[in-house]
Amino acid sequence: MAYLPRGVAQPTELVKHLNPLDPLLAEAGAVKWRYTIDEDWSGDPAIFFWITLSDETADPRILGQTARRIKDLIYRQVDPQGQWGLIPYFNFRSQSEQAQLKDEAFG
Amino acid sequence: MAYHDELIEHAVFLAEFNLPGQPKQADLRRAVSAAYYALFHLLTTEAAQNWKHFRQRDRFARMFDHGRMKTCSSRVSSRPLPIDPAEIPVARSLKLVADSFVTLQSARHRADYDNSEVWSRTQVYEAIIEAQDAMTEWMTIREAAMAQDYPF
Chain F
1092 MAYLPRGVAQ
1102 PTELVKHLNP
1112 LDPLLAEAGA
1122 VKWRYTIDED
1132 WSGDPAIFFW
1142 ITLSDETADP
1152 RILGQTARRI
1162 KDLIYRQVDP
1172 QGQWGLIPYF
1182 NFRSQSEQAQ
1192 LKDEAFG
Chain B
5 MAYHDELIEH
15 AVFLAEFNLP
25 GQPKQADLRR
35 AVSAAYYALF
45 HLLTTEAAQN
55 WKHFRQRDRF
65 ARMFDHGRMK
75 TCSSRVSSRP
85 LPIDPAEIPV
95 ARSLKLVADS
105 FVTLQSARHR
115 ADYDNSEVWS
125 RTQVYEAIIE
135 AQDAMTEWMT
145 IREAAMAQDY
155 PF
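In order, the protein sequences belong to chains F and B.
According to the numbering used here, the first sequence is numbered sequentially starting from 1092.
According to the numbering used here, the second sequence is numbered sequentially starting from 5.
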């Protein structure tokens, strides 16, 4: 029998666990975020996070700190790989960049 | 300067090229690729240092396959923390390195092959920072047995 990761088999449950992240990520500097579940480049099940940061928190001088904080929040709340069988991938963009690029992936 | 450090410098140079103007996609994509290869070359070179025959170390380093490195890294990423509390700090650091390797490998693949994606400076800066952090973390644990076993 083929193995189906929990994140693919129980998407509604995953959403319930992701929803509480909203205020936490906002406090960490995310003005918008969304996720998609798909296979990664080598065919492994994955969850892709698309996170738009305020221009302040996307400043290169503190970007590392911002990104680490957001990733830690997501790992602690959801543990994508351990609990859901999904490799997490993170993509960050500043609000100004997204206003210019208008990338659908970032919402 | 070590090659992996040159690659990070090169990644930063490309990411900042044309500042404060708009970046070119070619520069941003090559920067992502350079960041990934910085970590890749650090890890494979470190593994090759253990090869007994000095003259063969470069050839040994070239034997590391990207796909196999991902498999090793994913295995490390999903491993539970060790029972022995003394091993936990090294295990946590190793997990950070392995997670970063997987993330950067995916980014490099997208940067090199997915023409539909548009990259931004913030995305690229974050990838470079991730590579730098992983490389710094590796240097603190490189002599530990758990770390020595990692690429194999």
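Since the hints were made in silico from the structure, they are not lab data.
It is possible that some hints are incorrect.
[What the hints assert, rightly or not] Calculated cross-link-like contacts (lysine-lysine; reagent style BS3-like; alpha-carbon spacing at most 27 Å): (1) F/Lys1123 x F/Lys1162; (2) F/Lys1193 x F/Lys1123; (3) B/Lys99 x F/Lys1162; (4) F/Lys1162 x F/Lys1193; (5) B/Lys28 x F/Lys1107; (6) F/Lys1107 x F/Lys1162; (7) F/Lys1107 x F/Lys1123; (8) F/Lys1193 x B/Lys28.
Hinted pair F/Lys1123 and F/Lys1162, Cα distance within 27 Å: Measuring from Cα to Cα gives roughly 15 Å; hence the hint holds.
27 Å Cα cutoff - pair B/Lys99, F/Lys1162: Distance ~14 Å between B/Lys99 and F/Lys1162 Cα, so the pair holds.
Restraint check for F/Lys1107 with F/Lys1162, where alpha carbons must lie at most 27 Å apart: holds, 18 Å
Satisfaction of hint between F/Lys1123 and F/Lys1107, Cα-Cα up to 27 Å: holds, 18 Å
Pair hint B/Lys28 and F/Lys1107, alpha-carbon separation not exceeding 27 Å: Given pair B/Lys28, F/Lys1107 is violated - Cα atoms ~39 Å apart, limit 27 Å.
27 Å Cα cutoff - pair F/Lys1162, F/Lys1193: holds, 23 Å
Pair hint F/Lys1193 and B/Lys28, alpha-carbon separation not exceeding 27 Å: holds, 17 Å
Proposed proximity, F/Lys1123 with F/Lys1193 (alpha carbon, max 27 Å): Since the Cα atoms of F/Lys1193 and F/Lys1123 sit roughly 13 Å apart, the hinted pair holds (cutoff 27 Å).
In terms of the numbered hints stated before, the structure departs from hint 5 and from no other.
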